[in-house]
Amino acid sequence: MAQITMAKALTNGLRAAMEADPTVLIMGEDVGKLGGVFRVTDGLQKDFGEERVIDTPLAESGILGTAVGLAMRGYRPVCEIQFDGFVYPAYDQIVSQVAKLHFRSQGKLPMPIVVRIPFGGGIGAVEHHSESPEAQFAHTAGLKVVAVANPVDAYWMIQQAVASDDPVVFFEPKRRYWEKAELDESVEPVPLHSSRVVREGNDVTVLTYGPMVKTALEAAIAASEEGRSLEVIDLRTLSPLDMGPVAASVRKTGHVVVVHEAVVNLGMGAEIAARISESCFYSLEAPVLRVGGFDTPYPPSRVEEEYLPDLDRVLDAVDRSLAF
Amino acid sequence: MSDPELGDVFGPSGDGDDPELVQLLTPEGERREHPDYAADLDDEAIAGLYRDLVLTRRIDTEATALQRQGELGIWASLLGQEAAQIGSGRAMLPQDFAFPTYREHGVAWCRGVDPLYLLGLFRGVDQGGWDPRETGFGLYTIVIGAQTLHATGYAMGLQRDGVVGSGDESRDAGVIAYFGDGATSQGDVNEAFIWASVFNAPVVFFCQNNQWAISEPIERQTRIPLYQRALGFGFPGVRVDGNDVLACYAVTQAALRRAREGSGPTFVEAYTYRMGAHTTSDDPTRYRLNDELDRWKAKDPIARVKAYLHTTTAADDQFFEGVEQEADELATHVREGCLGMPDPHVLDIFDQVYAEQTPELAEQKEQYAAYLSSFEGAH
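Just so you know, the sequences run in chain order A and B.
For the first sequence, my numbering begins at 71 and goes up steadily by one.
For the second sequence, my numbering begins at 115 and goes up steadily by one.
Hints in this document: simulated from the structure, not taken from any laboratory.
Just so you know, nobody snuck in bad clues.
Partial selection, computed: residues in chain B whose CB lies under 7 Å from chain A:
(1) G242
(2) L253
(3) V257
(4) L263
(5) Y268
(6) G271
(7) R274
(8) Q466
(9) V467
(10) Y468
(11) A469
(12) T472
(13) E474
Which stretches of chain A does chain B cover? Using the computed rule of at least three CB atoms under 8 Å from a CB of chain B, they are:
(14) 138-144
(15) 154-166
(16) 172-180
(17) 208-215
(18) 233-239
Backbone N, C-alpha and C define an ideal beta-carbon position, used for all residues, glycine too.
When you get a sec, could you build the whole thing from the sequences and use the hints?
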């Protein structure tokens with residue numbers, strides 16, 4: 071079976087969604103002829119036309135604001151925000167309009183909008199191109215938030231997000247766009263809002279999502295060489311959280327490390343730690359530890375490798391948890 | 115840089131002598147001709163507009179009273195802006211769609227929205243109970259200017275649905291976006307202008323320049339007449355006497371027709387005045403003078419229509435009495451309906467967040483329901 075990159079898997083997923091439903095539109099900056107700066111929409115305008123793949127003016131609030139109107143008219147817009155740090159001009163439309171219109175209208179105005187955001191660091195970019203703002207959206211009632219970690223999930227989850235009648239903020243780890251995997255389209259996908267154990271283990275549960283899944287898996291391999299068995303869970307969905315597999319794992323291991331690129335302060339790890347303490351208090355052998363970005367703005371790229379959690383920092387947290 | 119004279123900037127304060135102001139009915143109730151615009155309305159239809167104006171004002175008066183009596187949390191009065199709203203609202207066809215701010219009670223009336231729905235929002239029982247799709251009237255939008263982008267997006271949807279410029283007048287549709295003078299400083303409004311322009315979207319930007327954004331006068335928002343801004347975005351702008359229901363009707367009708375035909379957006383600046391406070395929580399005596407209010411009182415949007423109708427055979431004393439009686443009945447409907455409005459149940463809010471409920475929110479609801487039921491029987 072042929073290997074496929076995450077970027078290509080997303081393209082194929084979007085293509086399938088557009089073929090399945092003529093109301094699906096793609097809108098964003100440079101998504102047409104250029105195919106997006108990461109080429110995720112490559113070839114779609116050529117095949118589906120300029121009415122369905124819309125090169126927009128350079129105005130993020132405009133992208134989301136017009137998407138609201140298109141959704142009211144029965145369309146399913148998939149909006150591309152070019153980089154994580156550029157989503158903030160659209161923040162008002164996402165938080166005050168997209169997230170709330172279903173509620174305000176008591177269900178009369180569903181908002182089947184997908185906001186695709188390439189996120190995270192590790193590509194040596196200039197400022198505003200490496201951020202991880204997922205917690206800000208998970209904190210907003212009315213939005214659903216997911217993060218993909220591999221090409222297979224990317225292919226299915228983008229189609230599931232487009233099919234969702236709720237707005238979905240869809241985080242794509244930009245440094246993993248070129249990672250490859252085998253994609254068997256005949257295998258049924260798991261539901262969009264479900265977490266999954268991606269490596270079984272017995273000693274420590276490592277919870278993560280997006281770009282850090284690969285890092286956590288590498289840490290698990292390194293740990294196994296030292297005789298430690300890490301269970302790695304790819305959360306996949308950040309809002310709603312799927313705590314079922316998490317609780318089962320914590321009851322088995324009693325040790326938890328949460329890993330994400332976003333700053334630790336009030337990040338996803340904080341919510342996850344609180345929920346684990348509420349539901350698994352007597353199973354815990356150590357406090358839930360968090361590994362993430364420091365509480366600084368994203369740093370200049372020459373030091374980003376030290377800012378970002380890596381295999382060693384994950385293993386350090388594993389050591390501290392087991393030594394508690 | 116020295117400040118120019120305000121008169122140079124804004125023209126002669128929008129009175130009938132302003133050559134740029136489209137006016138078809140003077141404050142004295144005299145009809146005027148305009149080279150570009152005419153209202154295709156007979157006197158019976160004008161009497162109908164009069165009825166709309168009076169009833170809308172009565173809804174507003176009653177709602178203000180209900181707020182004063184503690185029945186509404188707040189009310190945003192449209193006093194003085196009835197002609198701008200009825201004129202533009204009546205220019206819409208059933209298939210058109212309006213995106214309002216939170217003050218478009220007159221447009222809501224034209225779209226057949228029961229005023230009780232408007233009161234429900236200000237009473238705090240819901241956040242907009244009417245059906246936007248059924249009425250062609252979007253939800254009230256309190257974040258200033260956000261709805262202009264929704265209007266533009268909806269208009270782009272009409273284009274994709276093939277109901278713009280098809281030549282079938284029974285199908286072709288347009289969109290009208292309402293906003294105020296303050297909103298023209300918002301990024302979203304300027305983005306909406308750009309999008310509508312480059313996509314040639316069938317949207318009418320209907321700005322009610324009521325001279326005040328709470329306490330900030332129009333000269334804090336602009337140094338050129340607002341309608342002239344449209345040129346910079348690449349579409350036509352028109353200033354209309356916002357207290358002249360015939361002119362508002364004629365200009366909006368022309369703009370909507372242009373939109374439906376596929377000729378793109380138009381900016382309409384309805385030059386009017388907010389006769390009341392920004393909302394019932396505001397105190398305009400802190401920032402504006404009574405002289406100004408008195409000058410605008412002389413341009414009342416309803417009095418001039420009544421004066422005109424008196425010169426016709428379309429409306430006799432019986433007609434005017436009938437409208438007053440209808441207004442009284444409407445006021446009773448508004449008052450009794452408001453007082454009889456049931457409060458929402460807190461457990462319902464959990465079900466309205468998502469189209470597909472999440473397990474964690476369902477669990478929160480369940481836990482809170484259990485908490486509430488733990489008080490049952492306790493005193």
